[in-house]
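Given chain A, put chain V in place with the hints provided.
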Amino acid sequence: MKILVDPQYNPEFESSITSATKLGPGITCAKFLGARGSRTQFQKLYADGFFGAPDLKQIARNLVLHTNAMKTVIGNTTFSQHRLIVSEGIYEPNPKFETQEIPSGSEAKAKKLARENSGGSYGKGPDGWVARIPLYVGERPSSNSVNDLRRTGRAIVYQLINKNGQTDPQKTFDLAVFWKDYIDYDKLSLDYDTFDPTGILTSQIVLEMPKVPASFDVSFSHNLETTFNGELQAKNELLEILAD
Amino acid sequence: MTNKLDSLKERTEKFGEGQEETVGISQEGFSDASGEYPKRDYFFGSSVNKASKGETVNSLDLGGGDYDLSLNVSDQKPSQYPYNQVSESPSGHVIEIDDTPGGERVLIKHRTGAGVEMRADGTVIISSKNQRVEVTGGDQTTIVEGEGNLVYKGNLTLSVTGDFNVDVGGNYNLNVAGDKIEEIKGRHTKTVNRDQNYTIRGSRGAQVIGMNTETLLDDHNVVVAGNMNNFVQGNTEILSGGDFIQTAVGEWVAASSIANITARHISMIGHKGTIGGPLMDYYGKSYGGFPAKVTNLACFYGSLVGKAAEAIHADYSIHAASAGFARGAATAVQAVKAAAVGGPSTLPVPEVPVPGIMPFIPIPPTAPIPNPAIVELQLSSSNYGIRNVAVDPKLKSKITKSDDYKELFNHDPSIHEIRSKLRDPQHFGNGSFTSYLVSQGKLNGDFKKNMPKNIGRSASKTGTIRLGVNLLGNNPSDNRSKRFKVNKK
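Chains A and V, in that order, are what the protein sequence lines are. 1 is the number of the first residue of the first sequence in this note's numbering; add one for each residue after it. 1001 is the number of the first residue of the second sequence in this note's numbering; add one for each residue after it.
Only chain A is shown next, with the shape it has when bound in the complex (with noise of 0.2 Å):
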């Protein structure tokens, strides 16, 4: 399937990405990095392997599909007393690097492993010329992960928000089952949980897409679940779980 994305948001059309690039109307990618449950920057995200600048331009991409699911939401008048929030955006593991010292044997090859690897400096040791490579060794999400789709934009958390500032489970079951009739997805996960430390029901929609490439041609799998707690409930189901 193609999607046909408005020029005027089009980040293919984009010089740059930053968080002020536009993505649909009122919607730019600082919704997606300012989320409270994971605020970063395009500044602060590493490439895949957790070295380097990452695609910015596959992110936002990939967040093309998701503003596009907001659409949907936003002036639907069935939701018009309801709040569409990211509250779970762009995802940043933990970041922690290590020096690792790697001996050259002469400058010219500390240099050129220095420049080979991404952040890396040269020097001269006590015994003799080394590479200092950074190593990192910080948090590496599960492979496929909702985290590890969250750092590409492919996975973005919502929520829907009452009047009083809370999310209303019956009201994100009806958005789950909209969003399964109106708009495509690889997964749409109707996640509810009593994390909160008051033991409130809280629920959130988890919608996975599929890697977005520059042509927009793309294909969804259309898989739903239902969690509560972490624990799968049901596959290929929406239930809607009550507070009491």
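The set of hints was computed from the structure by calculation and includes no laboratory data. Be aware that a few hints might be false.
Claimed, not checked - Pairs of lysine-lysine, PhoX-like flavour, derived with a Cα cap of 25 Å: (1) K163/A / K1153/V; (2) K1180/V / K1453/V; (3) K1394/V / K1442/V; (4) K1453/V / K235/A; (5) K1396/V / K96/A; (6) K1180/V / K96/A; (7) K96/A / K22/A.
To be verified - A few chain V residues facing chain A, derived, Cβ under 7 Å: (8) D1061; (9) K1153; (10) N1155; (11) L1408; (12) I1415.
No residue lacks a Cβ here, since even glycine has one placed at the ideal position from N, Cα and C.
For chain V alone, kept in the frame of chain A given last:
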């Protein structure tokens, strides 16, 4: 190209002039000529607007609040007839002037849900479904007697041409998830009337082109867990009005081409080592070696100007038997003679006592002999000994909180951040991580209870049967719209 006139012409040719000219005109002559009214909802009933009778309530589309941010807007009570004057346009714009007792309000609503509403309690609600533009040609004053909340889901840019003055009566809390960058083209002056505390979990650097002056009127403590290096291209002065203590567990090195140590009382003791050089002069009251059972362990090599005590005694015949101890005494006497006649030495020659004439009265050392026990005692004493330095190795992890949160957070996380982390199965199953969160009251202790208390509706993967928005037919008792099923797979 087709236009309206073409269409009229086509219709006239197709249906005839009579039908075309009478479309939309009621036969009775009392109906709406446009055919717009009555609307379907008003068929077979009063044409008085339902909002006027309280059967429906027009309200603005506000959306919800933000997480933990309530809009504090109550539902509007229905109007009572005939207090509510309602004007509704064909497309759905509404103006209401409601005098319903207890529910007095004024509403101006756009068909999109945007508009302005003034409620009975004086609340004014403004809702915009798209942009909102506010331009003030002159001054603008905003006074809020209560509290305020501003939430921007995108970027916010504040541009002030003149001064920007912020006067805060309480605390000024700034929580920045990313970087904070300040560029000040002029001076930066800060006055803190009480304490100031910084916690920096990374590195810190400062580049100062001009002079750096710090004036401290109380103690100054610097605790360094690693190395400390001071590189000064110019002169360095460390001046102390009290004591100045330097100790090192390792080696202490002081080197200079010219060194001066001056004190009214000076002590230099040690187990072993070297003091002196080829052109060094020594002056003092007494020089001693360490006493042993038979003799003194000290030895002097080279020439001696003056006379050893036992050599003096050798000058006296009654002590002739002891002359054998005056090793080198003859040499010493020769040296004195050589110096007296202007020998090769260029160094200042001290006044030489004439042997046998000047009485020699030895003055014993006033300080105890610095034997190894005394040296060790001094090194281990609290005042003059070596001070051990130890910084709590866990202090770093306490500051970074990395141990507590298993390297997943370096700050106290919110429930939103915790929920985000727990989406990864490896963190959800990390017992020590979740236990700590529970112990800190940041995570519900029942977070792993996976049996929901109550289950409501369910929806399968297939499309849901829905009702269309557009109404069909003229009979409201019929199905109000077409039923359809979304099937996009």
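Hint check:
no., hint, in the structure
1, K163/A / K1153/V, "17 Å, holds"
2, K1180/V / K1453/V, "45 Å, violated"
3, K1394/V / K1442/V, "23 Å, holds"
4, K1453/V / K235/A, "19 Å, holds"
5, K1396/V / K96/A, "14 Å, holds"
6, K1180/V / K96/A, "21 Å, holds"
7, K96/A / K22/A, "31 Å, violated"
8, D1061, "4 Å, holds"
9, K1153, "5 Å, holds"
10, N1155, "5 Å, holds"
11, L1408, "5 Å, holds"
12, I1415, "5 Å, holds"
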